[in-house]
Amino acid sequence: MESVSADDLAEPPPPRAQDGPPAARPAGRLPRGRFPALRDGAGGAGASAGTGPRTGLLAGCAAAAVLLVAGSPWAAHPAVQAWRTVTVAVTVQALPFLLLGTALSGAINAFVPERWFTRALPRRPVLAVPVAGAAGMVLPGCECASVPVAGSLIRRGVAPAAALTFLLSAPAVNPVVLTATAVAFPGSPEMVAARLLASLMAAVVMGWLWLRLGREEWIRLPARRGHRPGHGRWEEFRLGFQHDFLHAGGFLVVGAAAAATVNVAVPRSVLEAFAGSPWLSVLFLAALAVVLAVCSEADAFVAASLTGFSPTARLVFMVVGPMVDLKLIALQTGTFGRAFAVRFSAATAVVAVVAGVVTGWWLL
Amino acid sequence: MRRNVQVLLLVLTGAGLLHAALLTDVCLRFVKEGLRPALVASGALLVLLGLVAAARDGFPTARRDRADRRSSAPGAHGHGRAPGVAWLLFFPALSLLFFTPPALGAYTAAREAPPPATEAARAFPPLPGGSPLPMTLSEFRLRAGQDRARSLEGRTVRLLGFVTPAGDGGWYLSRLVVSCCAADSRAVKIRVYGAPAPPADTWVTVTGRLRPGPVPAAEAALDAERVRVAPEPADPYRDAAPPAGD
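Sequence lines, in order, name chains R and A. Quick note on numbering that gives the first Met the number 0: the first sequence kicks off at 0 and runs consecutively. Quick note on numbering that gives the first Met the number 0: the second sequence kicks off at 0 and runs consecutively.
Hints were generated in silico from the structure; no laboratory data involved. This one's a predicted model, so the numbers in the text were calculated from it and none came from an experiment. Glycine included, each C-beta is placed from N, C-alpha and C at the ideal position. Heads up, a few of these hints could be off.
[What the hints assert, rightly or not] Distance ranges between label pairs, derived from CB positions:
| # | chain 1 | residue 1 | chain 2 | residue 2 | range |
| --- | --- | --- | --- | --- | --- |
| 1 | A | PRO36 | R | LEU126 | 37 to 43 angstroms |
| 2 | R | VAL137 | A | GLY129 | 47 to 53 angstroms |
| 3 | R | ARG342 | A | LEU47 | 36 to 42 angstroms |
| 4 | A | ARG55 | R | VAL111 | 19 to 25 angstroms |
| 5 | R | SER304 | A | PRO124 | 18 to 24 angstroms |
| 6 | R | THR260 | A | ARG147 | 53 to 59 angstroms |
| 7 | R | VAL111 | A | THR60 | 31 to 37 angstroms |
| 8 | R | SER309 | A | ARG55 | 55 to 61 angstroms |
| 9 | R | PRO185 | A | PRO230 | 31 to 37 angstroms |
[Claimed, not checked] To give an idea of the interface, some chain R residues facing chain A are shown, with a C-beta separation under 8 angstroms as derived from the structure:
| # | residue |
| --- | --- |
| 10 | ARG123 |
| 11 | GLY248 |
| 12 | GLY249 |
| 13 | PRO266 |
| 14 | LEU291 |
| 15 | CYS294 |
Turn these sequences into a full structure, and let the hints steer you where they fit.
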């Protein structure tokens with residue numbers, strides 16, 4: 000349990016919502032022993048509070064500007080409207096899962112004692128990684144739910160390698176996804192088996208890779224307030240939930256907007272040029288999976304519709320999609336920091352493609 | 000983001016979701032019908048969270064208590080603050096309530112190339128009787144392209160879709176079909192001959208016959224006998240047959 004630093008208990012004389020002496024407090028409270036290199040996360044060092052009316056006026060102007068733009072004739076251009084529709088669609092589709100994930104992560108933070116995790120997982124990280132990968136079958140939901148949960152697990156003392164393996168495997172091997180794959184590819188149970196195998200392989204390999212090559216300072220988790228005095232567990236849960244949801248929700252919109260931009264800017268006919276060559280088609284579908292940002296429950300149907308491509312290429316699409324896409328990269332940037340997101344996504348993409356190709360060559 | 004703004008954001012997002020999923024059918028422009036209960040639950044949960052936050056943290060002015068003073072210094076990532084990126088959430092929240100963007104239409108469908116040459120011809124179940132026969136666009140295209148028994152020949156069918164202009168002055172009757180959300184839409188397009196092109200994005204019912212051609216065929220085509228403007232269906236992305244009658 001994280002300790003309360005002495006600074007917190009000493010009350011400064013209440014200033015009038017102005018900038019207090021910044022040197023008096025650390026930028027964030029460091030949990031004992033876990034992450035000595037922890038630094039303050041995104042947004043913590045934001046601008047000073049400012050007076051109430053000024054912020055309100057700014058917010059009001061911003062909202063008015065957005066509404067004005069939205070109502071103007073420029074916004075009526077079909078490309079802009081399509082962009083707005085796709086952005087809102089991806090966001091709305093993901094919101095229930097994001098709520099689920101941040102509720103779970105808040106619950107993990109507030110209710111589950113740390114000891115539970117150290118007992119549930121094998122002590123040695125090398126063994127904890129495959130167990131965490133298999134545990135991914137438990138959390139149904141799209142990838143938006145797994146990122147906040149993984150962040151919370153790391154805070155609660157789970158080895159980062161195991162938490163990251165869980166992050167990758169949960170969206171890819173949960174029962175809903177496998178059922179959807181079975182429905183989308185009727186009469187091809189080998190596709191379901193291949194997906195399960197390739198996704199687990201990729202997730203576990205990434206976990207072991209992190210053990211060998213990962214460094215803790217790449218993970219920039221925002222300093223988390225621990226169990227504060229004066230807050231009941233439910234209040235702690237509520238605050239964590241609210242904070243995580245707003246934080247992740249903002250990044251979700253970033254990812255959705257990026258996916259919408261690609262959707263509107265790149266015509267689908269580009270697909271046809273790549274369907275022929277076996278290697279190019281694999282790489283192309285992997286890239287498509289990244290930019291398409293489809294939820295893992297439904298990407299099987301999208302893969303089934305890509306009739307011109309080989310089964311291996313479609314398998315790669317389904318393996319890469321839940322692990323690396325624009326939405327996920329944005330969420331990971333928000334939760335773990337940009338240095339992590341870039342390295343992790345790049346490595347995951349490579350590992351996922353290799354796992355998909357190997358499994359496809361063997362099973363399909 | 001100050002806590003009173005957070006409350007506003009939570010309540011607005013929840014209200015937007017409830018408006019789109021519970022009070023109207025606006026959510027169907029973005030996602031499928033199956034997600035509606037989850038959206039209603041999410042909206043209710045967000046409104047609840049916002050109200051609890053308003054009660055505990057104070058709204059419209061933030062309650063200045065012990066916890067608030069502790070976290071008001073700059074650089075403190077205390078529980079009062081959410082990061083600036085959360086402002087972006089206002090965009091979808093407001094879009095669900097005001098100036099809601101329309102469902103994807105002719106612009107998206109026009110940019111999609113026709114599908115590659117379909118698979119070999121195969122057998123289909125027999126068509127029911129009745130004329131004109133209401134049918135979905137997907138079934139029409141499948142049968143036109145792959146039906147070995149050519150069951151569509153000589154039958155008058157009625158189809159419902161929106162107008163997508165083709166580059167050469169002609170037009171397609173089209174629908175967009177989605178698997179997950181509007182981002183992964185695929186277009187089903189039937190080329191229409193024998194009628195002038197209505198304005199793009201108009202929803203119409205077309206009564207006509209299959210234009211003769213080889214089977215398997217790459218592009219299904221229809222000789223139109225009658226084109227009538229129709230109301231936009233509540234669920235624009237679900238390929239459904241038009242209601243019987245005119």
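Results for each hint:
Under the hint 37 to 43 angstroms, the C-beta atoms of A:PRO36 and R:LEU126, about 40 angstroms apart, fit the expected range. In this structure, R:VAL137 and A:GLY129 meet the distance hint of 47 to 53 angstroms, their C-beta atoms being roughly 50 angstroms apart. Range check, R:ARG342 to A:LEU47: Cβ separation about 38 angstroms, and the 36 to 42 angstroms hint holds. Remark: the range hint 19 to 25 angstroms for A:ARG55 to R:VAL111 is upheld by a beta-carbon distance near 23 angstroms.
Checked against the hint of 18 to 24 angstroms, the C-beta distance between R:SER304 and A:PRO124 comes to roughly 22 angstroms, which is consistent with it. For the pair R:THR260 and A:ARG147, the supplied restraint of 53 to 59 angstroms is violated, since their beta-carbon distance comes to about 44 angstroms. A hinted range of 31 to 37 angstroms for the beta carbons of R:VAL111 and A:THR60 is consistent with their spacing of about 35 angstroms. Separated by about 56 angstroms at the C-beta atoms, R:SER309 and A:ARG55 satisfy the suggested range of 55 to 61 angstroms.
The hint said 31 to 37 angstroms for the Cβ distance between R:PRO185 and A:PRO230, and at roughly 35 angstroms that hint holds. Nearest Cβ of chain A to the Cβ of R:ARG123: about 33 angstroms, over the 8 angstroms cut. The hint is violated. Hint on R:GLY248 holds. Least Cβ distance to chain A is approximately 5 angstroms, under the 8 angstroms limit. The closest approach between the C-beta of R:GLY249 and any C-beta of chain A is roughly 3 angstroms, which is under the 8 angstroms cut-off, so the hint is satisfied.
The interface hint given for R:PRO266 is met, as the beta carbon of that residue sits about 5 angstroms from the closest beta carbon of chain A, less than 8 angstroms. Contact between R:LEU291 and chain A, as hinted, is supported at the beta carbon level, the nearest pair being about 6 angstroms apart and thus within 8 angstroms. A cut of 8 angstroms between beta carbons decides the hint on R:CYS294: the least distance to chain A is about 5 angstroms, and the hint holds.
Hint violations for this structure: numbers 6 and 10, all remaining hints satisfied.
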